[in-house]
Amino acid sequence: MTGADDRLRARAALVAVLTAAVGVVAHVVAPDTEAFTVVVLTGAVAFGELVELRPPRRTAIPLAFAVLLVVARALPVGEGLAAFAAGEVIAAGVRLSPQGLRARAGVAAARTLVALVTLATFHYVIDGWGNRSRWVVLVALAAGSIGGLAVHEVLVYLETRRRPAPLVERSAELALVTSAMLMAIGYGGVGGDGAMGLGGAAMFSMPLLAAWYSFMHLHSTRRTYDQTIRALSSVPELGGLVREGHAARVAELAVAMGRELRLDRAEVDHLETAALLHHIGHVCLDDPEVLGRPVEMAEVAATGAEMLAGSDHLRPMSEIVATSAFGPGTAPGDVAPERVLAGQILRVASAYDELAGGSVDDGIAARETLFSSPVYSYDVRVVTALDRVLARRESPRRSDRAATAVAERELEDRDAR
Amino acid sequence: MDTQSAPRGLTRYVVMAGAAGVLATVALAWDRPGPSWVPFAFLAALFAYAENVALDLPSGGSMSSSFMLVMAAAVIFRAEAAPVGVAAIGLCGGLYLPHLRRGEWRKVIGNTGAFGLAAAAVAALSLAYPESLLRNPAALIAGSAVMAVAFFAVNTVVVAGYYALATGEPLRPVLGAMLRHGHLQVYPFAVLGVMLGRLYLDLGVSVLPLFVVPVLVARQTFASYLALRRAHEDTVRVLVGALEAKDHYTAGHAERVARFADYMGRELGFGFTRLERLRLAALMHDVGKLIVPNHLLNKPGKLTAEEYARVRRHEPVSVEILTAIDFLAPVAPSASGEFSRFENVDEERPVEPFIVAVADAFDAMTSTRSYRKALSQSVAVSELRDKAGSQFHPSCVDALVAALERRGEVYGAGHEEDAEHFDQPPPAAGLGSAGLGDLVPDPRDRST
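Residue numbers (the numbering used here), protein chains in the order written: chain A, 102 to 518; chain B, 56 to 503.
Hints are computed from structural coordinates only; laboratory data are not their basis.
Predicted, not measured: the structure shown is a model, and the values here were computed from it.
Careful: at least some of the hints might be erroneous.
[What the hints assert, rightly or not] Covered by chain A, according to a simulated footprint, are these stretches of chain B (three or more residues, beta-carbon under 8 Å):
{"id": "1", "stretch": "69-80"}
{"id": "2", "stretch": "261-273"}
{"id": "3", "stretch": "370-382"}
{"id": "4", "stretch": "459-469"}
For glycine and all other residues, C-beta sits at the position ideal for the given N, C-alpha and C.
Start from the sequences, fold in the hints, and give me the full structure.
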């Protein structure tokens, strides 16, 4: 957990406490109106905007989207939209990122658009059917929630141009939609039964909070794990054994090539870690002057693979590093074809970076060298994939430029935090 | 069959516990209606499933959502005035497949009894709960806390008795430890359980998936978190293993330093996250040594000034590596001998670097090195006490001594875990210092 996470949670708690206080005042001043409900829901939206479900390596989803369905159940479209927008304004004032008024206003506007779609869809289905039976309410809730999330997904895509995650990786959305429906049912019941008001909605938010808690831990552990791997990958560089930035550049290139060759997501993850750690074996070998000969790259790969094989979790990475020492079709042992391909990708990416050393001019020469190497040195499919990846970088499409701009903005935000 | 020979009295104990669970269930069934079979079958199946997919927690113990289902049953079957349903669901707790497969019938019967009795206690309490309050969320949550305490207490007492008999440990400390740990997780599940029951009563089976799905997602995500956490520790251990392979004089050093640091952290009242950070920082405090050439780390004689300077580079590198990991950044100075000296104490600075310095020095003194045999624990402790307030943080020294006394653990001469065997026996004299210091000549003796 970082200090920024702690500060954000403190602000979320502050919003919750202030909302409760204002709600109580509203209830005392105007007991017969909806003021209390509006105040509490507005505060809940602001709180939910600061507390997010964070699936690893994906855009976070604010819990405000779950509150939105309770807003839809409690208020008509106009009032609901006003309450939601007010919550967004409060959140924009206290959130830590993005930095800058314009960026925060942009987020609030995007969220309000999601709210509009959710509220309109829910009320359209309810009013269109003309009755409020159990199944009509359930369908309206599901349609409102899924419709809002779909709009959110489109807006995220337009901003980042990142390929959307496949449906099987949408457990966060599944938890959010089902919990939002549950909270809305807790508030207003269904088919005339089970209405418990705001207390019911709060009570039925517990499964969602349990999911949030789990995702929060998964996210922070994933970040620590990634940082540990990157920190350890820098050890050979800090020891002057490898050129600075080599591991990070090879990992980035290998991931792009893995995607180009349609490796599955898990294998691309293994490839990235293997690429970051592929020189780690260097630290176990002594200086060339002590050895009395240059250190062989095959020796580095074999030593590194042996180190990584000490952990069950790192065994796939160990196999990739081990096979990267051999040319196509010559890797010993019984290794799955997809892993052998990953090893060949690492071999080519590492060789390219050794030859190019981060320079564009040297990069062209490096590609020519790789293309003209004997077929038993480098896999032709992989070298071709490298060529396609590099060619795309030389003439980036609009989507790539947008992704780069977003990445730069995220970096600025991180630095600001 | 349970092939292991059981300690005396264990078999009698589990049979009595199992019989008590069944008898309590029968007593609850006496002269009362039976439960509706649909919710009963649904909850019993889910209960057995939940017990079989319980998660092992890093703090020891395990987490299962089965208690949530007992609470749901308490609400549903209270409305039907059929408390036997609650206790009968508890009896399904013995259906743990690994125990059944291995024929560990004592554990099967013991768990059946423990869960059955605990669920029967909840069922009995639910009878005292006025039906009108079943519709009041606040009353439900308040009642669920009482039932949670009853379930946890009964289950823990039965399990502690089993554990004490099986291991030969005295019952009181076992029971105390079990009661202290693990009770917090039952309250959220209690609240979730009464909500599940309430949802069923109000809306029937059709909306239950809306409740079960996010709970399952939370469970799966938590399992992924635990797996990733283990992977992270594995990764760090691989690197520590590589370090110890380079520098075989310090085999097991990082693990022991992490253990002593953990002892001190607990003694100083650290929370779980802070302890975890301390343990990882202690494990990785020498990670910068990976950049030191093997021949320097293993050089039998004294180092030259140039070699010494090269070896010393490992400290800033360790600090740089720890700083690159957000989670460990606040305690990165743990890797720097200079910053970990008590003379450099500062109100603003965390105590972790001082803890690692004490742990590091204690392990170095109580381990055999090439230049001297391990010192006895009493000599090492008196050395730490002598330097407390100058080199070492006094609170950390006190914490280590208190933790070792509390645990009754002894390290040093005659008690070494990974004693290094040298061709030429090391001399018995000389104190030496931690880690790096083992390889460095005394500055006063630099002329050689």
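Here's how the hints hold up against the structure:
Remark: the stretch 69-80 of chain B is not confirmed as covered by chain A, as 0 of its residues place a Cβ nearer than 8 Å to a Cβ of that chain, below the required three. Counting residues of the stretch 261-273 of chain B whose C-beta lies closer than 8 Å to any C-beta of chain A gives 10; at least three are required, and the coverage claim holds. Three residues within the 8 Å Cβ limit are the bar, and the stretch 370-382 of chain B against chain A gives 8, so the coverage statement holds. Note: the stretch 459-469 of chain B has 0 residues with beta-carbon separation from chain A under 8 Å; the three-residue rule is not met and the coverage is violated.
Hint check: violations occur at hints 1 and 4; the rest are consistent with the structure.
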